[in-house]
Amino acid sequence: MAEYKRPSSLMPMATGYCPGCMHALATRLVADVIDELQQADNAINVVSVGCSALNLYSWKGDVIGSAHGRAPAVATGIKRCLPDRLVFTYQGDGDLAAIGLAEIMSAANRGENFTVIFANNQTYGMTGGQMAPTTLIGQKTTTTRFGRDAQTTGYPLKMCELISVLEAPVFVARYALNSVKGVQDAKKGIKKAFEMQMAGKGFTFIELLTNCPTNWGMNPLDTLEYMNTNTIPYFKPGIYKDKEAEA
Amino acid sequence: MVSINDMMCKGCGYCIKFCPKHILEMGKERSEKGHFYPVMTNKDACISCAICALMCPEGAIEVSSDKA
Numbered sequence: 001m002a003e004y005k006r007p008s009s010l011m012p013m014a015t016g017y018c019p020g021c022m023h024a025l026a027t028r029l030v031a032d033v034i035d036e037l038q039q040a041d042n043a044i045n046v047v048s049v050g051c052s053a054l055n056l057y058s059w060k061g062d063v064i065g066s067a068h069g070r071a072p073a074v075a076t077g078i079k080r081c082l083p084d085r086l087v088f089t090y091q092g093d094g095d096l097a098a099i100g101l102a103e104i105m106s107a108a109n110r111g112e113n114f115t116v117i118f119a120n121n122q123t124y125g126m127t128g129g130q131m132a133p134t135t136l137i138g139q140k141t142t143t144t145r146f147g148r149d150a151q152t153t154g155y156p157l158k159m160c161e162l163i164s165v166l167e168a169p170v171f172v173a174r175y176a177l178n179s180v181k182g183v184q185d186a187k188k189g190i191k192k193a194f195e196m197q198m199a200g201k202g203f204t205f206i207e208l209l210t211n212c213p214t215n216w217g218m219n220p221l222d223t224l225e226y227m228n229t230n231t232i233p234y235f236k237p238g239i240y241k242d243k244e245a246e247a
Numbered sequence: 001m002v003s004i005n006d007m008m009c010k011g012c013g014y015c016i017k018f019c020p021k022h023i024l025e026m027g028k029e030r031s032e033k034g035h036f037y038p039v040m041t042n043k044d045a046c047i048s049c050a051i052c053a054l055m056c057p058e059g060a061i062e063v064s065s066d067k068a
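Line by line, the protein sequences are chains P and R.
Take 1 as the starting number for the first sequence in my numbering and just add one per residue.
Take 1 as the starting number for the second sequence in my numbering and just add one per residue.
These are calculated hints, taken from the structure and not from any lab test.
Note that CB positions come from ideal geometry on N, CA and C, so glycine has one too.
Careful, some of the hints might be misleading.
[What the hints assert, rightly or not] Listed next, with one range per pair, are the computed distances between beta-carbon atoms:
1) Lys28(R) with Ala247(P): 50 to 60 Å
2) Lys17(R) with Lys188(P): 20 to 30 Å
3) Ala199(P) with Glu32(R): 40 to 50 Å
4) Glu29(R) with Phe146(P): 39 to 49 Å
5) Lys43(R) with Ser8(P): 21 to 31 Å
6) Gly111(P) with Lys33(R): 41 to 51 Å
7) Gly200(P) with Asn42(R): 44 to 54 Å
8) Glu161(P) with Lys21(R): 24 to 34 Å
9) Thr229(P) with Asp66(R): 33 to 43 Å
10) Ala245(P) with Ser65(R): 30 to 40 Å
11) Lys17(R) with Asp41(P): 30 to 40 Å
12) Ala199(P) with Lys28(R): 50 to 60 Å
Please take these sequences and the hints and turn them into a complete structure.
This is the structure:
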């Protein structure tokens with residue numbers, strides 16, 4: 001027997017996301033964990049630009065907006081001024097892996113004590129489904145109409161692998177939200193990252209593989225299978241770095 | 001007991017796909033917002049595992065352990 005109540009950190013209304021969008025699922029998971037840790041009044045959500053920013057409408061607690069890709073810089077400032085607060089950024093792949101690449105790598109390299117929740121849906125959702133740095137080879141978007149070609153646009157950027165080679169980050173993990181196990185693991189991972197932050201351990205990074213039914217041009221249920229056959233083989237879920245376990 | 005808030009549900013169907021007892025199905029009526037939403041076909045078979053609630057992106061499903 002299990003019980004489930006809608007997290008109190010969320011407003012009692014529907015989100016601004018499309019039907020079946022896993023941004024909403026990711027937001028709800030973060031809210032679930034914050035409720036479990038009883039940090040609803042203590043958490044600060046730093047949102048950036050893109051579909052990821054839509055969660056500020058459904059978030060009941062403190063939220064601050066930031067310039068495109070600059071959420072890690074804003075979070076750095078907040079965490080240094082208010083070290084007792086639970087600070088996390090919520091960013092999409094166009095925001096974090098493209099325009100914000102310098103910010104995220106610098107914040108990770110400095111080992112700032114906050115958590116980054118990175119929702120990777122392999123496209124620029126809000127602007128109409130253009131190619132993102134994480135778009136898969138062969139994936140059709142509005143700017144790669146015959147599929148992404150590695151000859152001209154390179155390969156999808158693997159953020160977890162990039163960040164895990166740095167010295168400072170303490171917990172780097174990737175989870176896929178298209179299965180029950182993936183969602184359960186993601187919840188555990190987010191909880192672990194927040195607990196490590198509260199213990200003052202350092203920089204924690206959670207990548208969540210999500211979908212974009214609207215811009216992938218698919219039914220939400222078909223995206224689950226698409227993720228199994230295309231996304232997960234390239235972006236392999238798992239824990240890439242865990243200093244607590246290594247110690 | 002599973003309660004589905006039809007004002008939040010957008011009809012993505014994840015709860016129907018992941019229900020281990022296969023007792024949810026898409027309803028025939030639309031909500032006020034215009035989405036079809038799931039209904040439970042067999043309340044007695046529900047084991048209150050809360051997987052539907054876990055997979056619901058909108059948080060539209062709440063599960064309590066008491067039987068309806």
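Cross-check of the supplied hints:
1. Lys28(R) with Ala247(P): 50 to 60 Å: holds, 57 Å
2. Lys17(R) with Lys188(P): 20 to 30 Å: Between lysine 17(R) and lysine 188(P), where Cβ atoms are some 22 Å apart, the hint holds.
3. Ala199(P) with Glu32(R): 40 to 50 Å: holds, 46 Å
4. Glu29(R) with Phe146(P): 39 to 49 Å: 42 Å Cβ-Cβ, so the 39 to 49 Å window holds.
5. Lys43(R) with Ser8(P): 21 to 31 Å: holds, 27 Å
6. Gly111(P) with Lys33(R): 41 to 51 Å: Given a distance of about 45 Å, which is inside 41 to 51 Å, the answer is holds.
7. Gly200(P) with Asn42(R): 44 to 54 Å: Hint holds: Cβ distance 50 Å, inside 44 to 54 Å.
8. Glu161(P) with Lys21(R): 24 to 34 Å: violated, 39 Å
9. Thr229(P) with Asp66(R): 33 to 43 Å: Hint holds: Cβ distance 41 Å, inside 33 to 43 Å.
10. Ala245(P) with Ser65(R): 30 to 40 Å: holds, 34 Å
11. Lys17(R) with Asp41(P): 30 to 40 Å: holds, 36 Å
12. Ala199(P) with Lys28(R): 50 to 60 Å: Cβ of alanine 199(P) to Cβ of lysine 28(R): about 51 Å, so the range 50 to 60 Å holds.
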